[in-house]
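Asks: Take these sequences, add in the hints, and give me the full structure.
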Amino acid sequence: MGEAAVRPLRILLAKLGMDTHTVGITVVAHALREAGMEVIFTGLKQTPEAVANAAIQEDVDVVGVSSLSAGHTRNLPRLAQLLKAQGAGDKLLVAGGVIPEEDLPLLSAAGFAKVFTMGTDTRDIVAYLRAWWAGRGAAPSAPP
Amino acid sequence: MDVAAELLAGRVAAGARAIRWLDDGDPRGRAVLRSIFPATGRAHVVGVTGPPGAGKSTLVDMLISEQRRRGRRVAVLAIDPTSPFTGGAILGDRVRMSRHALDEGVFIRSLATRGQHGGLSRSTYDATLVLDAMGYELVIVETVGVGQEEMDVVRLAHSTIIVAVPGLGDEVQAMKAGLLEAGEILVLNKADREGVDETCRHLELLLHLRAGSRGAGTWSTPLLRAVAARGEGGDAIVAALDAHRAHLVASGEFARQSARCCEAQFLALARAAVLAELKARAGAALLEEVRSRRLDPYSAAERLLAPLRPGACG
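Chains as they are written, first to last, in the working numbering: chain A, 1 to 144; chain B, 1 to 314.
These are calculated hints, taken from the structure and not from any lab test. Careful, some of the hints might be misleading.
As the list claims (entries may be wrong) - Chain A is faced by these chain B residues, among others (derived, beta-carbon under 10 Å):
| no. | residue |
| --- | --- |
| 1 | Thr82 |
| 2 | Arg96 |
| 3 | Ile108 |
| 4 | Leu111 |
| 5 | Ala191 |
| 6 | Arg193 |
| 7 | Leu287 |
Just so it is clear, CB atoms sit at the ideal spot from N, CA and C, and this is done for glycine as well.
Replies: Given below as structure tokens:
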């Protein structure tokens, strides 16, 4: 309880499924930290259930999922559904990695606001999140 | 919905949101704390601290498993440093605890220090109260990797585990002045490494010297070996934690420790409020007089406080 309220954006970065490529997500994590955000890692080979639990316990504003192997058409909608079911549907969902163009409508319909495909500049990710955060007025979260 | 009532009923999302409010300095956090405060004071608060690379998170992971085996609900607050340059942080402690992600009896929360020194965040004490009120029997506070002077966790926790590793000769030297004197359980982690016997002897000597300077009937700090990555040594650590808790309860120290924490938090909050009030009262004019060296700091402080002294008019 400090006298000055500080409210950095909190984001959970997760990897779903079996892929173990961590370079992309690590680069993104460092870029977000440089941008003044609090980045929480969950580790590799996570299930949608585990990521949803972590997102709720950490009370993050954003959940970012990296997917570099198939499975995203099943895992990502499942994660969105779990968060909604547990009253955490207010979190911004974004994804990144190897995601074919034709899957984008499905992810959008599932509740993913943005998909950063391969080759996205980290500055674009930072800019996107900052704009979203500013749009919310960095508003204090309502009761869950 | 009523966050306080929901978290008292054990709803995870409500507790998580209350911690967020308290971490952010949101006034709603204070309202929640007011409601839940009577329900606090039950949890055993355990600190885990030590130098960077000692394996604190892995040790906490093992302790969670051991406590769950005994049927106890466990909450963890894992603190990592905020970058003083950007205000950002990477919080990765829960990676080592990810096997507990689906266990409903485990709550893990990462906190960034947000400019606070001493190894904890400013919100850590408040967060322990929330978790206590949610009914977690054990609240483990894992500090940032600390050196000699950052030991706020010792004041916060009922029992503090100091984690050391073989081969950190200089670190051990540094620890003896600070951490080692404060912890109640000393764990030598990574005890399958070379140099473990030498480090063990060194620590034993320090503990022996320390014991000699304390009276009879006081807690005798055990030195325990562990290989947390392989799950070895957890049983003995939990047994020592239970013994320490029993020791604290029997001597009345458990309640006294909690009372001291409350008092310290009250004074810290009062201090911050008084400071803000004084700054506001001083006003731009007085501050400018000091800044421009027309008035010395001592006289300025006297002038500011004069109306507050007993017997002063107005």
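Asks: So, for every hint listed, does it hold in this structure?
Replies: Each hint tested on the structure:
With a cut of 10 Å, the hint placing B/Thr82 at the interface with chain A holds, because the nearest CB-to-CB distance is about 8 Å. Interface restraint check for B/Arg96: the shortest CB-CB distance to chain A comes to about 8 Å, inside 10 Å, so the restraint holds. The interface hint given for B/Ile108 is met, as the beta carbon of that residue sits about 6 Å from the closest beta carbon of chain A, less than 10 Å. Given the 10 Å rule on beta carbons, the hint for B/Leu111 holds: about 9 Å separates it from the nearest Cβ of chain A.
With a cut of 10 Å, the hint placing B/Ala191 at the interface with chain A is violated, because the nearest CB-to-CB distance is about 25 Å. A least Cβ separation of about 24 Å between B/Arg193 and chain A goes past the 10 Å threshold, and the interface hint is therefore violated. Of the supplied interface hints, the one on B/Leu287 is violated, with its beta-carbon coming no nearer than about 17 Å to a beta-carbon of chain A, more than 10 Å.
Checked against the numbered hints given earlier, the structure breaks hints 5, 6 and 7 and satisfies all the rest.
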